[in-house]
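Please model the entire structure based on the sequences and the hints provided.
These protein sequences, in sequence, are chains A and B. Anchor point for the first sequence: position 9 equals 258 in this note's numbering, and the numbering is continuous, going up by one each time. Anchor point for the second sequence: position 80 equals 89 in this note's numbering, and the numbering is continuous, going up by one each time.
Hints are computed from structural coordinates only; laboratory data are not their basis. Predicted model only: the values in this text are computed from it and were never measured. Hints may contain errors.
[Unchecked claim] Mimicking DSSO-like on lysine-lysine, the simulated pairs with C-alpha atoms at most 27 Å apart in a straight line are:
1. B:K172 x B:K113
2. A:K337 x A:K317
3. B:K113 x B:K178
4. B:K64 x B:K183
5. B:K40 x B:K113
6. A:K341 x B:K40
7. B:K183 x B:K40
8. A:K317 x B:K113
9. B:K64 x A:K337
[To be verified] Derived CB-CB ranges, DEER-like:
10. A:F259 x B:Y80: 45 to 51 Å
11. B:S173 x A:A344: 43 to 49 Å
12. A:K337 x B:P181: 44 to 50 Å
13. A:F278 x B:L63: 25 to 31 Å
14. B:P62 x A:S333: 42 to 48 Å
Backbone N, C-alpha and C fix where the C-beta goes; we use that ideal spot for every residue, glycine too.
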Amino acid sequence: MKKKKPVITFFDGIILASVLIIIGTLAFFVYARGYTGTLNVRVRSDSGEWTGSLYEDKTLVLDGPMGKTVVQIQNGAVRIIESSCPDKTCVKTGAVSDVHGWICCLPNRVLVVVEGGGAQGYDSESY
Amino acid sequence: MTRKAIDSERLVAFLAGFALFLATIEYAIPKPLPFLRLGIANLPILIALRRLPLKDLLVLVGIKLLVQGFYSGTLFSYIFVLSACGGIASGAIMVLAALLPPGKVSLAGCSLLGAFASNAVQLAVAGFFIFGQGVFVIAPPFLLLGTISSFLLGFFAEQFVQKSAWVSKHLPLKN
Numbered sequence: 250m251k252k253k254k255p256v257i258t259f260f261d262g263i264i265l266a267s268v269l270i271i272i273g274t275l276a277f278f279v280y281a282r283g284y285t286g287t288l289n290v291r292v293r294s295d296s297g298e299w300t301g302s303l304y305e306d307k308t309l310v311l312d313g314p315m316g317k318t319v320v321q322i323q324n325g326a327v328r329i330i331e332s333s334c335p336d337k338t339c340v341k342t343g344a345v346s347d348v349h350g351w352i353c354c355l356p357n358r359v360l361v362v363v364e365g366g367g368a369q370g371y372d373s374e375s376y
Numbered sequence: 010m011t012r013k014a015i016d017s018e019r020l021v022a023f024l025a026g027f028a029l030f031l032a033t034i035e036y037a038i039p040k041p042l043p044f045l046r047l048g049i050a051n052l053p054i055l056i057a058l059r060r061l062p063l064k065d066l067l068v069l070v071g072i073k074l075l076v077q078g079f080y081s082g083t084l085f086s087y088i089f090v091l092s093a094c095g096g097i098a099s100g101a102i103m104v105l106a107a108l109l110p111p112g113k114v115s116l117a118g119c120s121l122l123g124a125f126a127s128n129a130v131q132l133a134v135a136g137f138f139i140f141g142q143g144v145f146v147i148a149p150p151f152l153l154l155g156t157i158s159s160f161l162l163g164f165f166a167e168q169f170v171q172k173s174a175w176v177s178k179h180l181p182l183k184n
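Structure, rendered in structure tokens:
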């Protein structure tokens, strides 16, 4: 009887394990660092970079290649409430309030990240 | 033009059409996260990986990139540059991986390596030119989802090429 060729090989397993180890290591360095309890919002767009507290209500109107993106910080959560991009995935993401939460609008080049603030915050260190 | 060259052109055209069809389906699937793509339009490339000459493979990768840019409406935006960088990186890595014998690395392994290269390059380019260090927060879920979807796609492609009578008739292994 003809021996059946395996669909997944031993080296496939090694490739999969290696990739998962790389992702796991990256996730550890990105997510496992402590923070003091206060959270900040970092917003990056063509209008520049802005960092502020998640607990101070604020509305930012940002310019991008597609037009305006409106970021709203309210009641300890951040969301994109309006965007000129075509698919509005960023608006549909809804509110983000946990550390490492993020909202991204690729077409309009806007990235919103919630990050740990305070004395031990990892602000401009590698995160 | 020789008969063989015509057959080869027809095959590339057929596979490119298949990629276009899959890109359309991909576009119709709602994306819960930006960046996220199942990558099903890569299936024709995976099927052809060990079966078409390098030149035809490169044409197929190029057409797939253009078609996808056209369908998603990103062809004339900077997002196409991101996609193109990812597509070129994944194409190169998959072609290199496919040089190894099928018994060593299956299409699942090739697909996984290709997706990882594509996603890593896209993140690097996005980080360098647009989002700065913020991409590190996006990277783990993005890479993990890409790993899962590409492995499943490669697994399906491997099963398909092993069992399909059409593949064994029209796309025999190169060596």
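So, going through the hints one by one against the coordinates:
1. This hinted pair checks out: B:K172 and B:K113 have alpha carbons roughly 19 Å apart, not beyond 27 Å.
2. Restraint check for A:K337 and A:K317: satisfied, since their Cα atoms lie roughly 12 Å apart, inside the 27 Å limit.
3. Restraint check for B:K113 and B:K178: the C-alpha separation of about 23 Å stays at or below 27 Å, so the hint holds.
4. Simply put, B:K64 and B:K183 have alpha-carbon atoms about 13 Å apart, close enough for the 27 Å limit, and the pair holds.
5. With a C-alpha separation of about 34 Å, the suggested pair B:K40 and B:K113 falls outside the 27 Å cut-off, and the hint is violated.
6. The straight-line distance between the Cα atoms of A:K341 and B:K40 is roughly 10 Å, inside the 27 Å bound, and the hint therefore holds.
7. Only pairs whose Cα atoms come within 27 Å are accepted, and B:K183 paired with B:K40 is rejected, the gap being roughly 37 Å.
8. Annotation: proposed proximity of A:K317 to B:K113 is violated, straight-line Cα distance about 51 Å (limit 27 Å).
9. Between the alpha carbons of B:K64 and A:K337 the distance comes to roughly 39 Å, so the proposed pair goes past 27 Å and is violated.
10. Between A:F259 and B:Y80 the Cβ separation comes to about 38 Å, which falls outside the hinted range of 45 to 51 Å.
11. A beta carbon spacing of about 47 Å between B:S173 and A:A344 agrees with the range 43 to 49 Å that was offered as a hint.
12. Evaluation of the 44 to 50 Å hint for A:K337 and B:P181 yields a pass: the beta carbon distance comes to about 47 Å.
13. At roughly 38 Å, the beta carbons of A:F278 and B:L63 sit outside the given window of 25 to 31 Å.
14. The given range of 42 to 48 Å is respected by B:P62 and A:S333, whose C-beta atoms sit roughly 45 Å from each other.
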